[in-house]
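Starting from the given sequences, assemble the full structure and let the hints guide the process.
Now for the letters of each chain:
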Amino acid sequence: MYDKSLSEQSRALANGELSSLELTQLYLDRIKKLDGNYNSYITVTEDLALEQAKAADERRATGDASALTGIPLAHKDLFCTEGVKTTCGSKILDNFIAPYESTVTHKLKEAGSVMLGKTNMDEFAMGSSNENSYYGAVKNPWDTQAIPGGSSGGSAACVAARLAAGATGTDTGGSIRQPASHCGITGLKPTYGRVSRYGMIAYASSLDQAGPMTRTAEDAALMLNVMAGFDHRDSTCLDREVPDYTAHLNDSLEGLTIGLPKEYFSTGLDSEVEQRVRDAVAEYEKLGARVKEVSLPNLELSIPSYYVIAPAEASSNLSRFDGARFGYRCENPEDLMDMYKRSRSEGFGEEVKRRILVGTYALSAGYYDAYYKKAQKIRRLIRDDFMNAFEQCDIIMGPNAPTSAFNIGEKSDDPVAMYLSDIYTLSVNLAGLPGMSVPAGMANGRPVGLQMIGRHFDESGLLNAAHRFQQVTDFHKQFPINS
Amino acid sequence: MAVDASEIQKVANLARLSIDESQLETTADTINRILELVDQMQMVKTDHVEPLAHPLDATQRLRKDVVSEENNREQLQSCAPVVEDGLFLVPKVIE
Chain A
0 MYDKSLSEQS RALANGELSS LELTQLYLDR IKKLDGNYNS YITVTEDLAL
50 EQAKAADERR ATGDASALTG IPLAHKDLFC TEGVKTTCGS KILDNFIAPY
100 ESTVTHKLKE AGSVMLGKTN MDEFAMGSSN ENSYYGAVKN PWDTQAIPGG
150 SSGGSAACVA ARLAAGATGT DTGGSIRQPA SHCGITGLKP TYGRVSRYGM
200 IAYASSLDQA GPMTRTAEDA ALMLNVMAGF DHRDSTCLDR EVPDYTAHLN
250 DSLEGLTIGL PKEYFSTGLD SEVEQRVRDA VAEYEKLGAR VKEVSLPNLE
300 LSIPSYYVIA PAEASSNLSR FDGARFGYRC ENPEDLMDMY KRSRSEGFGE
350 EVKRRILVGT YALSAGYYDA YYKKAQKIRR LIRDDFMNAF EQCDIIMGPN
400 APTSAFNIGE KSDDPVAMYL SDIYTLSVNL AGLPGMSVPA GMANGRPVGL
450 QMIGRHFDES GLLNAAHRFQ QVTDFHKQFP INS
Chain B
0 MAVDASEIQK VANLARLSID ESQLETTADT INRILELVDQ MQMVKTDHVE
50 PLAHPLDATQ RLRKDVVSEE NNREQLQSCA PVVEDGLFLV PKVIE
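Going down the list, the protein sequences come from chains A and B.
For what it's worth, numbering that gives the first Met the number 0 labels the leading residue of the first sequence as 0, then goes sequentially.
For what it's worth, numbering that gives the first Met the number 0 labels the leading residue of the second sequence as 0, then goes sequentially.
Just so you know, the hints here were simulated from the structure itself, not pulled from any lab data.
Each hint should be verified, as a subset may be incorrect.
With a cut-off of at most 20 Å between alpha-carbon atoms, the simulated PhoX-like pairs for lysine-lysine come out as follows [claimed, not checked]:
#1 A:LYS340 x B:LYS9
#2 A:LYS31 x A:LYS84
#3 A:LYS90 x A:LYS291
#4 A:LYS340 x B:LYS44
#5 A:LYS476 x A:LYS3
#6 A:LYS3 x A:LYS32
#7 A:LYS84 x A:LYS108
#8 A:LYS108 x A:LYS53
#9 A:LYS372 x B:LYS44
Right under this line is the structure:
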């Protein structure tokens, strides 16, 4: 049963083929047996999971079950979960038991899903390889020499290794799509404002967005149905009706116009990755779609713009970690300043400190116009490029990353090389658009995803295109042989 | 724009971080490489472009200035390093 999709498991639970308790126990056993190889979980909440599974079975018996009732999920350790350790991959939160529940995990819990545990991640979601975790690097289940991608690397790895039916992730600059691509799973980053950020530990507030990481597009639709929606507790959450994301999965793609940005296929893109993307686009042509070249002329500027805006917002958000109210406090502080400085310096990892320094510099007196304001102006150019491209096409397709997963350690000493690998994903966050990755085969022995970008609030269109693709391909059904 | 070790020290102080003297040079080098990447922005003319704070041009929603959350001090302080009588304790600030 563990190799079935979330949707299939949901139908099996509904038909009484097995109980949530049996399904949950199956995953807990697999985690015990296999996660030592991948390090995808920081915390496994075994007792809680069994308790929730029993409750889900009781709820089903009363006829009050939803599609997610009894489904075992894993949550990125960035969502606050009341009474459960919530670390954000950082030493500074190693002792933090969240005193309240995030809206996303609350809604998934209300729907009756079971929480298996909290997944590993780059510290404070800063990273593209999951090597920046206080709890150790996550390994790619397809090849344990390889990174799983980041920052939602634990969520991607646990879904790929069949250690959860589905998982939550967050995406600030590609952190759902890139690990989904590298681990051969399906990942969706919704439109900015579609899902509440309440109870998500903030990295860059104008870019952060939560989404589902699953095996199939249908699974992602079921999870997004629960996750999306207005929340008065997040002042940037948008008050828009939530459609049934499963309603249009099977719509015909006849007449759909796919835009291929020429800048996505320029130098630096691995030829095998390019071939998998072009093969996938050819499948869409067979399904009745038309293909058109479009242009995103300011694409390259998304890297500098993002690496000012995100660190600037992070430096402000992370000022809350002061050693006074929660989290790590250094031993025997001499005075208040010593407490702040040592708690933060001992509690944060290298990449987090680096981004705080860059962000603080960019926001400091005399530099604001040259950095933050300039980056926001470029952000508008990038958003407008997408708006112009969507005049000519319905959906944009391309790669998620220039290569398939690189090796652990390969770029960990070179932050700039790591930043450059984010070229295809950052612009989508800057423009606030929904983006998705679906499995599209292998390049150099490791998985590759096809990235799809939609108009604002067109998650249904992305899910429709992804689902139709998954009806005619089986890349999403493959999983690592050893797991 | 490039920063030297003394500027890094200044910025670290603003960010309430301490950097070991022996690490100052390497930290400055890394930050300068990032700033070099970021400085590509300066080549683009943006005189008549408005900064974009929200991709859908939404503005911050306001609410009535009334108490909306209940008092759950005990629960919120349960994860604090040191508390006494409902107060967060920090090192002595005033002599």
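Verification of the supplied hints:
1. Taken as a hint, the A:LYS340 and B:LYS9 pair is honoured in the structure, with Cα atoms around 13 Å apart against an allowance of 20 Å.
2. With a CA separation close to 19 Å, the supplied pair A:LYS31 and A:LYS84 stays within the 20 Å bound.
3. Our distance criterion of 20 Å between C-alpha atoms is broken by A:LYS90 and A:LYS291, whose separation comes to about 48 Å.
4. At most 20 Å may separate the alpha-carbon atoms for a hinted pair to count; A:LYS340 and B:LYS44 exceed this at roughly 39 Å.
5. The straight-line distance between the Cα atoms of A:LYS476 and A:LYS3 is roughly 8 Å, inside the 20 Å bound, and the hint therefore holds.
6. Among the hinted pairs, A:LYS3 with A:LYS32 is consistent with the structure: their alpha-carbon atoms are about 19 Å apart, no more than 20 Å.
7. Between A:LYS84 and A:LYS108 the CA atoms are separated by roughly 17 Å; this keeps the pair inside 20 Å, and the hint holds.
8. Taking the CA atoms of A:LYS108 and A:LYS53, the gap is about 13 Å. The hint holds against a cut of 20 Å.
9. Restraint check: the Cα-Cα separation between A:LYS372 and B:LYS44 comes to about 13 Å, which is no more than 20 Å; the hinted pair holds.
Consistency with the previously given hints fails for numbers 3, 4, ordered from lowest to highest.
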